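Asks: One letter stands for each residue in the lines below.
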Amino acid sequence: MSKKEWPLWEIFIRGQHGLNHRHVGSLHAPDAEMAINHARDVYTRRKEGVSIWVVPSSEITASSPSDKGPLFDPAESKVYRHPTFFDIPDEVGHM
Amino acid sequence: MALDATQVDQKALFDWLCRMGDNALILGHRTSEWCGHGPVLEEDIALANTALDLIGHTQMWLGLAGEVEGAGRTADNLAYLRDAMQFRNVKLVELPNGDIGQTIMREFLFDAFHFEMLTALVASADARVAEIAAKALKEVAYQFDRSSDLVVRLGDGTAESHDRMQAALEHFWPYTGEMFVADAVDEAMAQAGIAPALSEIESRWDTLVSETLAEATLVCPERRADVHTGGKQGRHTEHLGYILAEMQFLQRAYPGAEW
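Which chain is which? The protein sequence lines are U and V, in order.
The working numbering puts the first sequence at residues 1029 to 1123.
The working numbering puts the second sequence at residues 153 to 411.
FYI, nobody ran anything at the bench for these hints, they're computed from the structure.
Nothing here was measured: the structure is a model prediction, and the numbers come from that model.
Positions of the beta carbon are idealized from the N, C-alpha and C atoms, including for glycine.
Some clues are possibly wrong.
To spell it out: a stretch of chain U is covered by chain V in this simulated footprint if at least three of its residues, at any positions, have a beta carbon under 8 Å from a beta carbon of chain V; those stretches are [stated by the list, open to error]: (1) 1067 to 1079; (2) 1085 to 1097.
Non-contacting residues of chain U with respect to chain V, defined by C-beta distances greater than 10 Å in every case (computed) [as the list claims (entries may be wrong)]: (3) Pro-1035; (4) Phe-1114; (5) Pro-1117; (6) Val-1120.
Could you build all of it, start to finish, from the sequences and the hints given here?
Replies: Here it is, written out as structure tokens:
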């Protein structure tokens, strides 16, 4: 019998309503429905989630590590791009 | 006319609670045997989760059994210090796991019963029973989804997986009837409104199981009268003794050991 590997899926879980789905890891499954079941079993035993997304890993396009310089270096020493120079009134609370 | 649930024979109630608890304990133990041996990591974890869920149910059922008995025995005492003849599980759950197909098939056949039973028990006249059933049902509903999905995938899979699932079905089939053979204990529970009549559960089980098997392209064997019975009364296959030897060894060798 030929040994076929199941494809890899990237798993995203939303911890609470109102938050974003976050990448939590990856796992193998023959299709999307089983990937969701597996994600439920592997990543949400402790009530970590209210929603699961599964994405075939092969569908993800990643930036190349060798492009790191051209992609990210131009943002260096530009502190003014951070909105840290505003005084936030106390009444606004946490932002 | 239903009797008051508090009037029911406490010994019969104890026995019935042991049946619920022992089914979960023995199937939970069998399922836990896959831990570290699953065919793929994801299935290994799913099976270990199922085992833990079942052992959690055991704690609740046997805890209540000890309370009803009133002799000071805890769930642990009942699980670790009874001998095979005092176990009340159906024979179906004590049979060896076999391959993963057999394991999934047995789980599916039991899950369908477990799901219908717990669904009915949520309306039990005994509030303690209803509460345990409501908690366990959430987990068993998922277990049933999972095992029926896998039965369909493997049954309607390759020629090899189909043949193995058909063989697994025929292997376990003669043991399924015991779940529905009512004795005096089951009748007392049904009369008191604590548990449903097993004939009701049987017809719902039939529908649930035959729908899934048809989707899985598996042929449902004929229901026969000469089913393997006796487990619920404490007459077990030889396999139970081996399970208990492994499960109870530590408490027997080092009584009261804790860690």
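Asks: Hint by hint, say whether it matches the structure.
Replies: Tested hints:
no. : hint         : verdict
1   : 1067 to 1079 : holds (count 4)
2   : 1085 to 1097 : violated (count 0)
3   : Pro-1035     : 12 Å, holds
4   : Phe-1114     : 47 Å, holds
5   : Pro-1117     : 46 Å, holds
6   : Val-1120     : 41 Å, holds
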